[in-house]
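There are 6 protein chains.
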Amino acid sequence: MKYGARNQLTGKITGIKKGDVMCQVTLNIDAPAIMNSVMTMESLNDLAIKEGDSVKIVAKAVNVLLVKE
Amino acid sequence: MKYGARNQLTGKITGIKKGDVMCQVTLNIDAPAIMNSVMTMESLNDLAIKEGDSVKIVAKAVNVLLVKE
Amino acid sequence: MKYGARNQLTGKITGIKKGDVMCQVTLNIDAPAIMNSVMTMESLNDLAIKEGDSVKIVAKAVNVLLVKE
Amino acid sequence: MKYGARNQLTGKITGIKKGDVMCQVTLNIDAPAIMNSVMTMESLNDLAIKEGDSVKIVAKAVNVLLVKE
Amino acid sequence: MKYGARNQLTGKITGIKKGDVMCQVTLNIDAPAIMNSVMTMESLNDLAIKEGDSVKIVAKAVNVLLVKE
Amino acid sequence: MKYGARNQLTGKITGIKKGDVMCQVTLNIDAPAIMNSVMTMESLNDLAIKEGDSVKIVAKAVNVLLVKE
Numbered sequence: 705m706k707y708g709a710r711n712q713l714t715g716k717i718t719g720i721k722k723g724d725v726m727c728q729v730t731l732n733i734d735a736p737a738i739m740n741s742v743m744t745m746e747s748l749n750d751l752a753i754k755e756g757d758s759v760k761i762v763a764k765a766v767n768v769l770l771v772k773e
Numbered sequence: 705m706k707y708g709a710r711n712q713l714t715g716k717i718t719g720i721k722k723g724d725v726m727c728q729v730t731l732n733i734d735a736p737a738i739m740n741s742v743m744t745m746e747s748l749n750d751l752a753i754k755e756g757d758s759v760k761i762v763a764k765a766v767n768v769l770l771v772k773e
Numbered sequence: 705m706k707y708g709a710r711n712q713l714t715g716k717i718t719g720i721k722k723g724d725v726m727c728q729v730t731l732n733i734d735a736p737a738i739m740n741s742v743m744t745m746e747s748l749n750d751l752a753i754k755e756g757d758s759v760k761i762v763a764k765a766v767n768v769l770l771v772k773e
Numbered sequence: 705m706k707y708g709a710r711n712q713l714t715g716k717i718t719g720i721k722k723g724d725v726m727c728q729v730t731l732n733i734d735a736p737a738i739m740n741s742v743m744t745m746e747s748l749n750d751l752a753i754k755e756g757d758s759v760k761i762v763a764k765a766v767n768v769l770l771v772k773e
Numbered sequence: 705m706k707y708g709a710r711n712q713l714t715g716k717i718t719g720i721k722k723g724d725v726m727c728q729v730t731l732n733i734d735a736p737a738i739m740n741s742v743m744t745m746e747s748l749n750d751l752a753i754k755e756g757d758s759v760k761i762v763a764k765a766v767n768v769l770l771v772k773e
Numbered sequence: 705m706k707y708g709a710r711n712q713l714t715g716k717i718t719g720i721k722k723g724d725v726m727c728q729v730t731l732n733i734d735a736p737a738i739m740n741s742v743m744t745m746e747s748l749n750d751l752a753i754k755e756g757d758s759v760k761i762v763a764k765a766v767n768v769l770l771v772k773e
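Protein chains in written order, with my numbering: chain F, 705 to 773; chain A, 705 to 773; chain U, 705 to 773; chain P, 705 to 773; chain W, 705 to 773; chain B, 705 to 773.
The shape of chain F in the complex, shown without the other chains (with noise of 0.2 angstroms):
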C-alpha cells in the first residue's frame, strides 16, 4: 500500500465528536516523524527559512485523510 502523499503518520484515536454530516477525530501521534510542505518559490522567499530552523506547521483537519489498513 503505498500513498501519493508526503504526509503519512500512525496515530492512535483519543476522541470522536460526531455531529449530523460532519465528525471529528483526535488522535495522538507518539513517534517522532517526517512532515512536508510545498508552497510557491514566493512564499519560501518571504518566510527566509533554512535548514535547521524551527517553524510551526499548520494544517486544516478537513485536509487530513485517515486510513484503515
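No wet-lab data here; the hints were simulated from the structure. Possibly wrong hints are sitting among the right ones.
The list cannot tell twin chains apart, which means a pair is met if one copy fits it or any two copies do.
[Stated by the list, open to error] Taking lysine-lysine pairs in the BS3-like style, the calculated list, with each CA pair at most 30 angstroms apart, reads:
1. K716 / K754
2. K754 / K722
3. K772 / K754
Given chain F, put chains A, U, P, W and B in place with the hints provided.
The following block gives chains A, U, P, W and B in isolation, referenced to the frame of chain F:
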C-alpha cells in the same frame, strides 16, 4: 497568535528542494503531538473506527502551511 | 466558461443530506472521464507508478466544488 | 483497506508529466462512479440544486490523492 | 452560473509565472468583498473571536480556483 | 510573523454561524488586496488568460484559515 486550525505542530527544517515555481520543505517532528481529522459521518461509519484504534494519517504536502513566528 | 482545474466531470444529483452548517451532496457519474492528480516528484517515485497501471483515486468531499451552469 | 473520504474511484494511468518538484498524472475513469461534495448550507441554498439536477463537478488536481494498493 | 463555494471574488490578472508543470497567477482585487471561513467549533473557541474583530485571512494559492466566464 | 501562503488578507468579522461540529465565519474585506492562484500549466493554457484579463476567483470556505494575531 492563534490559528483557526486543529493541527499545529512544531518542526525543524531538514531540507528544501527548490523548483521553478514550487518548492518542497521537509521537516522533523520530534515531540508527541495531537492531530485532528474532519470527515463526513458516512466516512466515519465506513471506516468503523473507535477510540484506541490505530490509523494511518495522510495529508498532501500542498495543504500544509508553514508559519515563521 | 472555463475552469482552472484539471478535474471537470458532470454528474446527476442523487441525494442531499442537510446539516446545521454543512451539507453533503451525492452524485452519479455515468460517462467515462479523465482525471488528474498533482503530487511531488518524491511521491511519484515512492508510488512507482507508470502508464497503464491501475490506481485508487481518493479525494475528500470538502475539496469537490459543484457548479450549476 | 478503508479510506475516510467519500470519493474513491479507480483509474488507469494514461500519462505522467514530470517537473522539477511537482508532477502531473493523468488517468482514465471507465466505470460509472459515485462522487460526493460537502459545502455550506448557504452554498447549497445559493446553488438551488435538487435531486435529479445535473451539475458540473470541479476539483483541483492538487487535492486528488493516488493510492497504489 | 452558480458556484458551491462561499468565496467568489473578481480580480484582474497582473502577472503569470510559468514553470514546467505548475504556474502561478497573481491578481488584484479592487472592490470590497465578503469572504467566509469554515472551521471546527473547537478552533472557533480557541480563536475566541467575535463579531467586529479583525483577523488575518490566510489561504494557500493551490486552493484558489480561477474561472473565466 | 510570516506565513508560507500567497493569500493573506485582513478582514473584519460580520457573522458567526455555529453548528454541532463545524461553524462558518463571515468577514468583510475593505481594502484592495493581492491574491494568487497556483494551477497546472495545462489549466493555464485551457483558460487562455493573460495579464489584464478579469477572472472569477473561487475558493471553498473550508480552505480559508483565520489567524488572530
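Tell me the numbers of any earlier hints that the structure contravenes, in ascending order. none
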